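Let the hints inform the model, and build the full structure from the sequences given.
Chains as they are written, first to last, in the numbering used here: chain L, 1 to 501; chain Y, 1001 to 1326.
It is possible that part of the hints are untrue.
[To be verified] Below, simulated DSS-like cross-link-like pairs (lysine-lysine); rule was C-alpha separation at most 25 Å, straight line:
{"id": "1", "chain 1": "L", "residue 1": "Lys306", "chain 2": "Y", "residue 2": "Lys1130"}
{"id": "2", "chain 1": "L", "residue 1": "Lys337", "chain 2": "L", "residue 2": "Lys380"}
{"id": "3", "chain 1": "L", "residue 1": "Lys477", "chain 2": "L", "residue 2": "Lys199"}
{"id": "4", "chain 1": "L", "residue 1": "Lys127", "chain 2": "L", "residue 2": "Lys158"}
{"id": "5", "chain 1": "L", "residue 1": "Lys187", "chain 2": "L", "residue 2": "Lys204"}
{"id": "6", "chain 1": "L", "residue 1": "Lys306", "chain 2": "Y", "residue 2": "Lys1212"}
{"id": "7", "chain 1": "L", "residue 1": "Lys303", "chain 2": "L", "residue 2": "Lys378"}
{"id": "8", "chain 1": "L", "residue 1": "Lys430", "chain 2": "L", "residue 2": "Lys384"}
{"id": "9", "chain 1": "L", "residue 1": "Lys322", "chain 2": "L", "residue 2": "Lys303"}
{"id": "10", "chain 1": "Y", "residue 1": "Lys1130", "chain 2": "L", "residue 2": "Lys322"}
{"id": "11", "chain 1": "L", "residue 1": "Lys362", "chain 2": "L", "residue 2": "Lys380"}
{"id": "12", "chain 1": "Y", "residue 1": "Lys1223", "chain 2": "L", "residue 2": "Lys322"}
{"id": "13", "chain 1": "L", "residue 1": "Lys258", "chain 2": "L", "residue 2": "Lys269"}
{"id": "14", "chain 1": "Y", "residue 1": "Lys1212", "chain 2": "L", "residue 2": "Lys303"}
{"id": "15", "chain 1": "L", "residue 1": "Lys389", "chain 2": "Y", "residue 2": "Lys1212"}
{"id": "16", "chain 1": "L", "residue 1": "Lys430", "chain 2": "L", "residue 2": "Lys220"}
{"id": "17", "chain 1": "Y", "residue 1": "Lys1212", "chain 2": "L", "residue 2": "Lys323"}
{"id": "18", "chain 1": "L", "residue 1": "Lys187", "chain 2": "L", "residue 2": "Lys201"}
{"id": "19", "chain 1": "L", "residue 1": "Lys258", "chain 2": "L", "residue 2": "Lys314"}
{"id": "20", "chain 1": "Y", "residue 1": "Lys1223", "chain 2": "L", "residue 2": "Lys303"}
{"id": "21", "chain 1": "L", "residue 1": "Lys322", "chain 2": "Y", "residue 2": "Lys1212"}
{"id": "22", "chain 1": "Y", "residue 1": "Lys1223", "chain 2": "L", "residue 2": "Lys362"}
{"id": "23", "chain 1": "L", "residue 1": "Lys258", "chain 2": "L", "residue 2": "Lys220"}
{"id": "24", "chain 1": "L", "residue 1": "Lys362", "chain 2": "Y", "residue 2": "Lys1280"}
{"id": "25", "chain 1": "Y", "residue 1": "Lys1130", "chain 2": "L", "residue 2": "Lys368"}
{"id": "26", "chain 1": "L", "residue 1": "Lys225", "chain 2": "L", "residue 2": "Lys199"}
{"id": "27", "chain 1": "Y", "residue 1": "Lys1212", "chain 2": "L", "residue 2": "Lys334"}
{"id": "28", "chain 1": "L", "residue 1": "Lys389", "chain 2": "Y", "residue 2": "Lys1130"}
{"id": "29", "chain 1": "L", "residue 1": "Lys380", "chain 2": "L", "residue 2": "Lys442"}
{"id": "30", "chain 1": "Y", "residue 1": "Lys1130", "chain 2": "L", "residue 2": "Lys323"}
{"id": "31", "chain 1": "Y", "residue 1": "Lys1223", "chain 2": "L", "residue 2": "Lys323"}
{"id": "32", "chain 1": "L", "residue 1": "Lys337", "chain 2": "Y", "residue 2": "Lys1312"}
{"id": "33", "chain 1": "Y", "residue 1": "Lys1130", "chain 2": "L", "residue 2": "Lys303"}
[Claimed, not checked] Among chain L residues calculated to face chain Y with C-beta under 10 Å, some are:
{"id": "34", "residue": "Gly253"}
{"id": "35", "residue": "Glu296"}
{"id": "36", "residue": "Gly300"}
{"id": "37", "residue": "His320"}
{"id": "38", "residue": "Lys322"}
{"id": "39", "residue": "Ala340"}
{"id": "40", "residue": "Asn357"}
These are calculated hints, taken from the structure and not from any lab test. Predicted model, so just to flag it, every value in this text is computed and none were measured. Beta carbons are placed, not taken as given, at the ideal position from N, Cα and C, and that holds for glycine.
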Amino acid sequence: MAYLEMQNIDKSFNQVQVLKDVSLELEQGEIHALLGENGAGKSTLMNILGGVHQPDRGVITVSGQKVEMTSPKISQDQGISFIHQELNLVSDLRVYENMFLGSEIRNRFGFVDVNEMCRQTEEILTKLGVHINPKEYVRNLGTSYKQLIEISRALLHKSRIIIMDEPTTALSEHEVDRLFELMRNLKEDGISIIYISHKLKEVKAVCDRLTVLRDGKVVKTGDLKEESLDSITQYMVGKSLSEDRIIDEENFGETILKVEELTMPGVYKDIHFQIKKGEIVGFTGLAGDGRTELFESLFGYRKDYKGQVYVNGKLVNINHPKKALRAGIGYVPKDRKENAIIQDMNVVQNMSISSLNHFERKGFLRGKLEHNRFQEYKDKLNIKAHNPKATIDQLSGGNQQKVIIAKWLELNTDIIIFDNPTQGIDVGAKQEIYQHIIGLAKQGKAVIVLSSEAPEIMKICHSVYVMYQGEIAGYFKGEDTTEDKIMSYATGSKKEAVTVG
Amino acid sequence: MAESQLKQQTNENKPNRMKSGLNWLWSDYSVVIAFIIIFIAASIMSSRFLDIGNLMNILMQVSIIGIIALGMTVIMLSGGIDLSVGSVLALVGVVTVTALNATGSVVLAVISALVAGPLIGLLNGLMIAKGRIAAFIATLGMMAGARSIALYIADGGSISGEVQEFSLISNSELGIVDYPIIIFLAMTAFVYILMHNTRFGRYVYAIGSNEKSARLSAINVEKMKLAIYSLGGLMVSVAAIIETSRLNSISSSSSGQLYELDAIAAVIIGGTRMTGGRGKIIGTFFGVLILGILNNMMNLMNVSPHLQGFVKGLIIIIAVVFQKRE
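Have a look at this one:
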């Protein structure tokens, strides 16, 4: 019997089934890869294991005993540690304080026993083969060290199962090697690891077995040795692999946006690119590559940048989103909840907020005009909103995103930037949003899509720029793009001088 | 086909809509329900309460705080706060009387009041929007500063107007309705329309709900904040004119003391969220009336003035507890 078993797990959110009859077995002392595209249900499954969500159906057993993971605390008590992609450390505290946060050791007078905590911290870190001063502030440490501290914390709490969610995204090659060595050591000690990653080569290098999820179902579970990279990809994406690119025709007009020598110290530098009417250009890279900041600057949300931006051949100085709008640049931001929706306003008002002058007569807003226009977009974009007067946060992510897209369609800018347009959206709505993006290009608009998901970029872009640490590291025509190529440029292992325009 | 689909949809929605209708009534108008309850309770507890003279008296008493609270609502809806309103009222009052005595013209006095308030509001807005100082801190500074300048100009005491016509503003009536009441109602209508039927109002809600989204929606947040605090100042100006005109004098030391707390209390009782984005002008209007009725009731029932603050505090806390429930 496996050390951890999750059997027949079902889970739905708002009547959308995210997990269907999912089972996962984890042996003692193995590294188990959990794979699947974004939205396949990996995080939900792990959140159920971590006690964050409760399954609608199904059983979890740890070493043969049935456990109800009703809270994260219970999960931790069962020896399960979750190392999130966004590290969970308090940067203003010292290393040892982070290690013992919530479980401080106290001496007999009730004061914290700093020496003892430092000693234990040092002991564990030495075991992992690193030397960090336990009294160092976490904010002074590099990302890989922060990761190590999270892992040490898991060991400190005598965890038997460690879940790692995309641990290598922020690590350099050398650091990745060190992490893998560490994982193998942990395995020797009988600790089991669930390893979530999109980087199949790394998975192949370090994992023993795999489970692949697709659309909330397990499509494959078994030994990794028998699988090739191709066959794993096949499981992850399903049949849609062949019909990958959904855009082919190229019907470009003249150059509409030209960017030269755009630099923001420490964030991005020396950015050159141009885009024609009717073209869809993708920008991709790893987290922290500076692409979001670059386009926030182009949209005037950030001001401290240098360089030239030409729209329709005219030099423009954009230092406020209002000016970007006047120049004909629209921006659908990422992280919808923080940046795009206005939670307290209703669906119609969210659609009209940037274009209220379209709905004014003699200085007063006409609700009826707004409402009618919304109905048009509702039909056109297939927005499912039963009550347009309800606040926007009651809609699903996909429908919220469509409302935001409607907002920018109403403004009808010639250039439109989509930052991570399908974040947290289900598969069906994703396809619709791709279609709308392609439709905009067909109308002769210039479209820029930022995304960290290579398949998405490859699917809908005419050309692709890959960014690495604030610089454009690579440029491809859409049909020549492969996920491998993107990866090798995005991780900085390859770089080319780009001469475009 | 389309028609049958539509029909089906409306049928499906009916029970839902009924329920959401009740919810909507409760969440948007709980302050109105509270007002009705307090109004009925007051008329039962005191026979003099329903007297038309008494009711007019209540309206008259709340008109000044009411007008300030209207401006405060807009500021709080945008996610800010203005602690300086009481001091600014005193300063504007001093400026008004000084102008009145210097020029002998009521019109010029009113104009200088209507200029002074928005200017000080603009200064608040500049500190908050351009200087990126927290609204609480910036207006706390203004509260001390404005009071001090008022004291300096008036040499610490009261100054009285030498033009008698000025006192007509607060001491005339149309039928049985005093001018201040009419001004209060007119201001309520003005701010209501501004908030519900214009771009300005929509932007205020957007900024209070999610400032970053608002900025990324190409709203000029900085400019809006200047306008919002200037509007708050304008409301204080109007209130200052009424206050000064009442006795044709203003006290630089005691006029406007603690008005900011009463105004904020009215806004909170009216259901506006402290952090902004949600709330209604009508809510504030009834919040003001509730405070007025409570004061009036306690006076009619001879509650010690020392205890009246306790009751007011209790009501504010109860109001906030109810809001949290939602």
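Hint by hint, here is what the structure shows:
1. L:Lys306 <-> Y:Lys1130: holds (22 Å)
2. L:Lys337 <-> L:Lys380: holds (23 Å)
3. L:Lys477 <-> L:Lys199: Measuring from Cα to Cα gives roughly 23 Å; hence the hint holds.
4. L:Lys127 <-> L:Lys158: The hint holds at about 14 Å.
5. L:Lys187 <-> L:Lys204: Status holds; Cα separation ~16 Å.
6. L:Lys306 <-> Y:Lys1212: Holds, at about 23 Å.
7. L:Lys303 <-> L:Lys378: This hinted pair is violated, its Cα atoms lying about 35 Å apart.
8. L:Lys430 <-> L:Lys384: Between Lys430 of chain L and Lys384 of chain L the Cα gap is close to 14 Å, so the pair holds against 25 Å.
9. L:Lys322 <-> L:Lys303: holds (13 Å)
10. Y:Lys1130 <-> L:Lys322: holds (17 Å)
11. L:Lys362 <-> L:Lys380: violated (29 Å)
12. Y:Lys1223 <-> L:Lys322: Holds. Lys1223 of chain Y to Lys322 of chain L sits at ~12 Å (cutoff 25 Å).
13. L:Lys258 <-> L:Lys269: It holds: about 16 Å lies between the C-alpha atoms, which stays within 25 Å.
14. Y:Lys1212 <-> L:Lys303: Satisfied, since the Cα-Cα distance of roughly 15 Å is no more than 25 Å.
15. L:Lys389 <-> Y:Lys1212: holds (23 Å)
16. L:Lys430 <-> L:Lys220: Holds, at about 24 Å.
17. Y:Lys1212 <-> L:Lys323: holds (17 Å)
18. L:Lys187 <-> L:Lys201: holds (19 Å)
19. L:Lys258 <-> L:Lys314: holds (9 Å)
20. Y:Lys1223 <-> L:Lys303: Judged against 25 Å, a Cα distance of about 17 Å means the pair holds.
21. L:Lys322 <-> Y:Lys1212: holds (14 Å)
22. Y:Lys1223 <-> L:Lys362: holds (22 Å)
23. L:Lys258 <-> L:Lys220: Judged against 25 Å, a Cα distance of about 47 Å means the pair is violated.
24. L:Lys362 <-> Y:Lys1280: holds (24 Å)
25. Y:Lys1130 <-> L:Lys368: violated (36 Å)
26. L:Lys225 <-> L:Lys199: holds (16 Å)
27. Y:Lys1212 <-> L:Lys334: holds (12 Å)
28. L:Lys389 <-> Y:Lys1130: Not OK: Lys389 of chain L and Lys1130 of chain Y at ~35 Å, beyond 25 Å, violated.
29. L:Lys380 <-> L:Lys442: Measuring from Cα to Cα gives roughly 16 Å; hence the hint holds.
30. Y:Lys1130 <-> L:Lys323: Since the Cα atoms of Lys1130 of chain Y and Lys323 of chain L sit roughly 18 Å apart, the hinted pair holds (cutoff 25 Å).
31. Y:Lys1223 <-> L:Lys323: holds (14 Å)
32. L:Lys337 <-> Y:Lys1312: Since the Cα atoms of Lys337 of chain L and Lys1312 of chain Y sit roughly 38 Å apart, the hinted pair is violated (cutoff 25 Å).
33. Y:Lys1130 <-> L:Lys303: holds (14 Å)
34. Gly253: Given a least distance of 25 Å, the restraint on Gly253 of chain L is violated.
35. Glu296: holds (8 Å)
36. Gly300: holds (8 Å)
37. His320: At 7 Å from the nearest chain Y Cβ, His320 of chain L passes the 10 Å test, so the hint holds.
38. Lys322: Interface hint status for Lys322 of chain L: holds (5 Å vs cutoff 10 Å).
39. Ala340: Where the cut-off is 10 Å and the nearest Cβ of chain Y is about 6 Å from Ala340 of chain L, the hint holds.
40. Asn357: holds (7 Å)
When held up to the earlier numbered hints, the structure conflicts with 7, 11, 23, 25, 28, 32, 34 and fits the remainder.
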